[in-house]
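Peer 1: Chain A is already provided as a structure; the job is to place chain B on it using the hints.
Number of protein chains: 2
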Amino acid sequence: MKLYGYWRSLAAFRVRIALNLKGIPFEVESMDLVKGDQFSDAYRKINPQMVVPTLVDGDSVLTQSMAILEYLDECHPEPPLLPADAAERARVRAICMISVADIHPLLVPRIRKYITQEMGHSEEELMAWIHNWMTTGLAAMEEKLAGDSATGTYCHGDSVTLADLCLVPQVGAAGMFGVDTGTYLTAKRIFETCLQLPAFFDARPQAQPDFPEEMKS
Amino acid sequence: MKLYGYWRSLAAFRVRIALNLKGIPFEVESMDLVKGDQFSDAYRKINPQMVVPTLVDGDSVLTQSMAILEYLDECHPEPPLLPADAAERARVRAICMISVADIHPLLVPRIRKYITQEMGHSEEELMAWIHNWMTTGLAAMEEKLAGDSATGTYCHGDSVTLADLCLVPQVGAAGMFGVDTGTYLTAKRIFETCLQLPAFFDARPQAQPDFPEEMKS
Numbered sequence: 507m508k509l510y511g512y513w514r515s516l517a518a519f520r521v522r523i524a525l526n527l528k529g530i531p532f533e534v535e536s537m538d539l540v541k542g543d544q545f546s547d548a549y550r551k552i553n554p555q556m557v558v559p560t561l562v563d564g565d566s567v568l569t570q571s572m573a574i575l576e577y578l579d580e581c582h583p584e585p586p587l588l589p590a591d592a593a594e595r596a597r598v599r600a601i602c603m604i605s606v607a608d609i610h611p612l613l614v615p616r617i618r619k620y621i622t623q624e625m626g627h628s629e630e631e632l633m634a635w636i637h638n639w640m641t642t643g644l645a646a647m648e649e650k651l652a653g654d655s656a657t658g659t660y661c662h663g664d665s666v667t668l669a670d671l672c673l674v675p676q677v678g679a680a681g682m683f684g685v686d687t688g689t690y691l692t693a694k695r696i697f698e699t700c701l702q703l704p705a706f707f708d709a710r711p712q713a714q715p716d717f718p719e720e721m722k723s
Numbered sequence: 507m508k509l510y511g512y513w514r515s516l517a518a519f520r521v522r523i524a525l526n527l528k529g530i531p532f533e534v535e536s537m538d539l540v541k542g543d544q545f546s547d548a549y550r551k552i553n554p555q556m557v558v559p560t561l562v563d564g565d566s567v568l569t570q571s572m573a574i575l576e577y578l579d580e581c582h583p584e585p586p587l588l589p590a591d592a593a594e595r596a597r598v599r600a601i602c603m604i605s606v607a608d609i610h611p612l613l614v615p616r617i618r619k620y621i622t623q624e625m626g627h628s629e630e631e632l633m634a635w636i637h638n639w640m641t642t643g644l645a646a647m648e649e650k651l652a653g654d655s656a657t658g659t660y661c662h663g664d665s666v667t668l669a670d671l672c673l674v675p676q677v678g679a680a681g682m683f684g685v686d687t688g689t690y691l692t693a694k695r696i697f698e699t700c701l702q703l704p705a706f707f708d709a710r711p712q713a714q715p716d717f718p719e720e721m722k723s
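In order, the protein sequence lines correspond to chains A and B.
Here the working numbering is used: the first residue of the first sequence is 507, the next is one more, and so on.
Here the working numbering is used: the first residue of the second sequence is 507, the next is one more, and so on.
Pulled out of the complex, with its shape left as it was, chain A reads as follows (with noise of 0.2 Å):
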């Protein structure tokens, strides 16, 4: 499989830990997503959101990483990433959702480009748009998981289901925005669970090879 992604986005991360875990290689372009290789006419034949991930699978192109996770999920069953019941699938999504719908969309290289450009917002006052959305979705995460029996030593019970591959990310991103994570101590504690597996562990932006050279130190 080819995966169009980029070091940063969150989004090809989740794709990539789903990758490893479901043993399948792939070969990684790199859209540099600040320079802007999602515009160009070749990727957006491909993509026409103009964003990241793609996963090319023979002849299916797939976009959406939700949609992305569901399908290698479907395709490849071992090892399964939702539970059997539909009410425990339900949570899992649920709590994918928090992320994948109400803290990344808000945070993703458009709508900072609104924000400074059209908006005429300060970066400092871009940082607290991005701070604010961050620990309301973390805290909300939290408490889904923090109250809830359902949670085990990952997400959901004591397997890895789709819902680490969406915290996992989020929490990384927090953490690489300055946002102090220690007070979301069930989602810091299964975020740091994940990271002793080789399947997130090498998912990890700074594991990319288009990580920045001048990021490293």
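Please keep in mind that the hints were generated in silico from the structure rather than gathered at the bench.
Hints are not guaranteed to be accurate.
It does not matter which identical chain is meant; a pair holds if it fits inside one copy or across any two.
Unchecked claim - Straight-line Cα separation of at most 25 Å, DMTMM-like style, residue types lysine to aspartate or glutamate; simulated pairs:
#	residue 1	residue 2
1	Lys508	Asp654
2	Lys619	Glu533
3	Lys528	Asp591
4	Lys541	Glu649
5	Lys551	Asp563
Peer 2: Frame of chain A; chain B shown alone:
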């Protein structure tokens, strides 16, 4: 089943359509998002994110509209709202996510409040924000639908899928906000076709008991 919703919520609209299509009887508890019903202690216990919808099915308390839609399709498989083939399912879910993750989260009450109250923007500037993301998102949806032979009477082939449940509220909201939807030919055609089905028509915001009297004219 019991649905905590609100006439204006696009996410609750999606769930109402699914319940209607599946022929599942449900009662609605209206949460006035403008008055702040969602912030009550009682509702917070049900939905810590303090958003709608929440669907209660026996002992199961389900949140996040996309997770709820998948749950309903799993528990009540007739009529199916996802194709059988994995790549086709991924296409349907990707169309859903354009609305669920890329448009709708930018327009919800908490965002509008932040933009006007925290960032100090006028109603006019807020409307520019709303229009910008609605038109960007609808253009992406249109591009995904228009050039693809997988699009049929509905978003995917000639049967209703979850993609239609996400498209219809989004196109409807655009109309309510004065966005000219006429340029999104395919999306508009599918929107109009869907609204000929009672399951969609009866789920419209305007058809809900909590739709404000003063807006009926």
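Peer 1: Now, for every hint given, state plainly whether the structure supports it.
Peer 2: Results of checking the hints against the structure:
For the identical chains of this complex, Lys508 and Asp654 are inter-copy neighbours only, at 21 Å across copies versus 38 Å inside a copy, given an alpha-carbon limit of 25 Å. Neither within a single protomer nor between protomers do Lys619 and Glu533 lie at most 25 Å apart by alpha-carbon distance, with minima of 29 Å and 43 Å respectively. Taking CA atoms no more than 25 Å apart as the test, Lys528 paired with Asp591 passes in both settings, with 21 Å inside one copy and 19 Å between copies. With identical chains, the CA atoms of Lys541 and Glu649 are at most 25 Å apart between copies only, with a shortest distance of 24 Å across copies and 38 Å within one.
Taking the closest pair of Cα atoms, Lys551 and Asp563 come within 25 Å of each other only inside a single copy of the chain (16 Å); across copies the shortest separation is 42 Å, beyond that limit.
Checked against the numbered hints above, the structure breaks only hint 2 and satisfies the rest.
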